[in-house]
Amino acid sequence: MRKLKFEYSMELRFSSPVHSHYFALRCVPGDSLRQKITLSRRGVEPADYISEERDGFGNLKISGCCAAPHDSFCYSIEGTARVKGMIVETSPLHPMYRYPSKYTRFEPEVADFAEKVQRECIGRGAKTAVEKAVCAMNCLYALFQYSPGTTDIGTTAAEALRNGKGVCQDYAHIMTAVMRFMGIPARYVNGLMIGEGFTHAWTEIYTGEGWYGLDPTNNLHIDDYYIKLAHGRDYGDCTVDKGIFRGNAVQEQKIYVNVEEINDDRDSSVNRTSGG
Amino acid sequence: MRELIEHTEGINRLMARYGVKFGIYKGGEFHEQLFPFDAIPRVITHEEFRQLERGLIQRVDALNLFLNDIYGEKKIIADGVIPEEFVFISSGYLPQCEGIKPPKNIYSHISGIDLVLGKDGEWYILEDNLRIPSGASYPMIAREICRRVSPATFGNNSVVDNRQYAAMLRETLDWVNTGGVPVIMTPGRYNAAYFEHSYLAERTGSALASCTDLFVEDNYLYYKDYRDRKQKVGVIYRRISDEYLDPMTFLPESLIGIPNLMDVYRRGNVAIVNAPGNGVADDKGIYYFVPKMIRYYLDQEPVLKNAPTYLPFYEEDKKYVLDNLEKLVIKDVAEAGGYGVIFGNELSRERLQEMKELIERESRRFIAQEVIDFQDMEVMDGDEKVLRKADLRAFVLSGEKTRVWPSGLTRFSRNADSFVVNSSQGGGFKDTWVLSQWKK
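Residue numbers (the numbering used here), protein chains in the order written: chain A, 181 to 456; chain B, 2 to 441.
Derived from the structure by calculation, the hints contain no laboratory data.
If you're wondering where the values come from, they're calculated on a predicted model, not measured in any experiment.
We put the beta carbon where it would ideally sit given N, CA and C, even for glycine.
Careful, some of the hints might be misleading.
Said to hold, decoys possible - What follows is a list of derived Cβ distance ranges for each label pair:
# : chain 1 : residue 1 : chain 2 : residue 2 : range
1 : A       : T260      : B       : A168      : 55 to 63 Å
2 : A       : G210      : B       : G81       : 30 to 38 Å
3 : B       : G269      : A       : T308      : 37 to 45 Å
4 : B       : K357      : A       : T308      : 35 to 43 Å
5 : A       : R221      : B       : E361      : 44 to 52 Å
6 : A       : G210      : B       : T213      : 17 to 25 Å
7 : A       : E232      : B       : F155      : 55 to 63 Å
So that you can see chain A by itself, here it is in the shape it has in the complex:
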């Protein structure tokens, strides 16, 4: 069990005022077996109203609108999280996580990669879902190159595989697709990680009893340095922020994420990393 202090903010600046701006945010971490959250701040500016509910996937969602013209929009959250590492979160399985989705379709690239993973699994004698998933993660980490700017938010798992490089979203999509292709239910996760300047994405696989997280971008098990924000079949289901507005403007986005460990004994921070 570790105690983490987190801070996450996003700011949008518009080159000229926009109006009728609707938003849906999945930027607030929720409580689960793995993490207990205490929020100290939650701000959305400007907003005529804010409403909070759970979506069809079980995520916390904040939605609202700003009708009047405005030239900036920002949200920020701050709080502490008590997090357990490397545990299986027991829960019944929703069958949708067994089947391909928009970003994780079973295209030939996914099938080819799955074949590679299967061979590796046999070579290593990987039998359980977690062993196979770790095997897939190792293969993906070795094969795929981290390279920002070479893919975009619409890139599918198959496209990313063809491209050979990408960012955490692509790693998570490929991992999710290949797991489902191999018959292991999997879901896409958005979250925060210590030492990251942006939000992060990873994959959870279903072990038979519950969900277990793996981070293929870093070739790591999800331990107590990760805070989960939301999950879904793929990126499209749990986008951190969605917005739609009227107006003719160019937007500039700034994201600030900072997750640091709190040491209760001395009440001071160690392992400080900053994002930006």
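With chain A held as given, fit chain B onto it using these hints.
Relative to the frame of chain A, chain B by itself:
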């Protein structure tokens, strides 16, 4: 009746003046075309209609229970009646609707069930349309004009009045209304069924609105009227498809939707007619399982038959389909509106072989059906009576009770050799008469 036939041209001219049109896209361009009316009605006897009514009510009730189950407990899957892949691979299944309880637990308020009458005298269900079935306005307006043109025809025949559709629809909307005005939402005048949207709005006393007239505020949906007054909406009969309904929940690029509408709906603050997510129940793959649903949820034997259908998903069915492909109809479960329907007997040897390989490879994607030898109907072609294939779309409304409109849309094919009667593929329509038990 002869009088009515003699007036066909006049009736069609009046309908053109009323703007009874059907829009189609061809080569990327929008064309409005008239939907030709044929004056010889389809006649359904009182006894036959009672039987149809029983079967249709039973079917729609089971489909509504299925939708409640799929977005809730999923018992029918746990009990092994329907394999889960047919539900969760369906593009009509929307996980965003998980856990939502629509007002009064009704998902399909307006169901358009397509049937054909076989040569054996038996009605067969062709498909269920539980999303936004269109077409009720055509027989409504046709009947109205026919009564005016030839009152004697209706004096001499005991035809059940069908002009109460608007009242039935309004009652259906009122039953689920959460407290506010009723609204019919249209994607706009470039939609195939725009005529119907405006006609039904007028007849039901609902506001006809497009996305720019509707907005969400503080978990309620509002309509801004022509005087810029905002009014709370209690029920929205939307004529746009699920994926365009709310850009914050479904397709983000939708410009014709209402942002955050799904939040209002999830909180029970508005009824959406028909409910989003219904596509999972009228999927061509799920069709096969509807008789099983009726037995499972209602513990009744289905009154109306499905067309004999095979699922290549099951090995036994696949073998039959591959061996008999040349005499079957193949339907791609992802396509709608008469597209993606392939008649095995029209395929060349090479295409037949390609189709077999495709079915082998993507067996979940197709269903195969026996070609039903359905009864031809008489249609006037100039002064000559000719025979054409025709189907019937029955409208079933689910409110406090489930009711069948005593009429329906009879569509016929344009060409003598065509079995496809979908209005987006050309063809015309007839009035559907249900005879009263009281003979004149």
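Now the hints, each set against the structure:
no. : hint                          : result
1   : T260(A) - A168(B): 55 to 63 Å : holds, 60 Å
2   : G210(A) - G81(B): 30 to 38 Å  : holds, 33 Å
3   : G269(B) - T308(A): 37 to 45 Å : holds, 43 Å
4   : K357(B) - T308(A): 35 to 43 Å : holds, 39 Å
5   : R221(A) - E361(B): 44 to 52 Å : violated, 58 Å
6   : G210(A) - T213(B): 17 to 25 Å : violated, 35 Å
7   : E232(A) - F155(B): 55 to 63 Å : holds, 58 Å
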